[in-house]
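Trainee: Sequence:
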Amino acid sequence: MKGLLLKDYYVVTRTCKVQLLVNVVFIIVAIITNENDRFMFLAVPVLIAGDIPITLIAIDEKSRWTEYSGALPYSTAQKVLSKYITGLIYVLLVCGIMFLTALCFNGSEIPLTIMFSLALAGALLIPSLMIPLCYKFGVNNGMLIFLILLFIIMFIFQSIFSTEEISALLLKCAEIPAPIFVLAGIAVYGASFGISTALGAVRGKK
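When we follow our numbering, the leftmost residue of the sequence shown carries the number 1, and every step to the right adds one.
Since the hints were derived computationally from the structure, they do not count as laboratory data. Hints may be right or wrong, so weigh each one.
[To be verified] With a straight-line Cα cutoff of 30 Å, these simulated DSSO-like cross-link-like pairs (lysine-lysine) come out: (1) 136 / 7; (2) 17 / 136; (3) 62 / 2; (4) 136 / 2; (5) 2 / 17; (6) 62 / 7; (7) 17 / 7; (8) 62 / 17; (9) 136 / 62.
[Said to hold, decoys possible] Computed spacing ranges between beta-carbons, pair by pair: (10) 74 / 177: 32 to 40 Å; (11) 152 / 3: 38 to 46 Å; (12) 100 / 152: 35 to 43 Å.
Beta carbons are placed, not taken as given, at the ideal position from N, Cα and C, and that holds for glycine.
Between the sequences and the hints, there should be enough to build the whole structure, so can you do that?
Mentor: Next up, the structure:
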């Protein structure tokens, strides 16, 4: 398992330099911008952080690591788990930096605990939905299906609710205790791992 994590670490540091640079730029912009726009700029690195496991899966497919790893003494669960652990570490790192930045330069009316909890839950939700689709249909098809589903959900949501109702819903969410968002994000992430492991095992038999 340690070897898989080291392999994914080396892949991230060598091939995800653009994502890392973009995160640094947005954090710097968040520091020097005004208070009203700061949260928006800090949210971008969090969303990018959730994409790291997808990038790792895409590189594995392109390099044919998936086929090669079948000859190594690793189970499907271990190979899938390494992606989830790597993604979780990166998400926690980015959310931690975001929290410290907001703590030092905070001017928002949103409590920092809610800000951190929502960011963490959102960053975990994206890969939780995308990774199983990528294991089932491949990275390109999986991302396309995810975007189509996201568009349909957003279209239906905006068709049913008005802007005022959406704003009221967000205000109600701010009243929910912060740990609930974190626990929900972790629960969904864990369930996603179970689904991806099952799909990865089926995909490996083909």
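Trainee: All hints, please: hold or fail.
Mentor: How the hints compare with the structure:
For the suggested pair residue 136 and residue 7, the alpha carbons sit about 23 Å apart, so the restraint of at most 30 Å is met. A hinted pair counts as satisfied when its Cα atoms are at most 30 Å apart, and residue 17 with residue 136 qualifies at roughly 27 Å. Restraint check for residue 62 and residue 2: the C-alpha separation of about 23 Å stays at or below 30 Å, so the hint holds. Distance hint between residue 136 and residue 2 is fulfilled; the C-alpha atoms sit about 26 Å from each other, no more than 30 Å.
A C-alpha spacing of about 22 Å is found between residue 2 and residue 17, which places the hinted pair at or below 30 Å, so the restraint holds. Between residue 62 and residue 7, the direct Cα distance comes to roughly 15 Å. Compliance with the 30 Å bound is thereby established for this hinted pair. Using a Cα cut-off of 30 Å, the hinted pair residue 17 and residue 7 holds, with the two alpha carbons roughly 16 Å apart. A hinted pair counts as satisfied when its Cα atoms are at most 30 Å apart, and residue 62 with residue 17 qualifies at roughly 18 Å.
Pair hint residue 136 plus residue 62 holds up; C-alpha atoms about 16 Å apart against a cutoff of 30 Å. As the Cβ distance of residue 74 to residue 177 is approximately 39 Å, the hint placing it in 32 to 40 Å holds. Range check, residue 152 to residue 3: about 40 Å between beta-carbon atoms, so the 38 to 46 Å window is met. The beta-carbon spacing between residue 100 and residue 152, approximately 37 Å, falls within the hinted interval of 35 to 43 Å.
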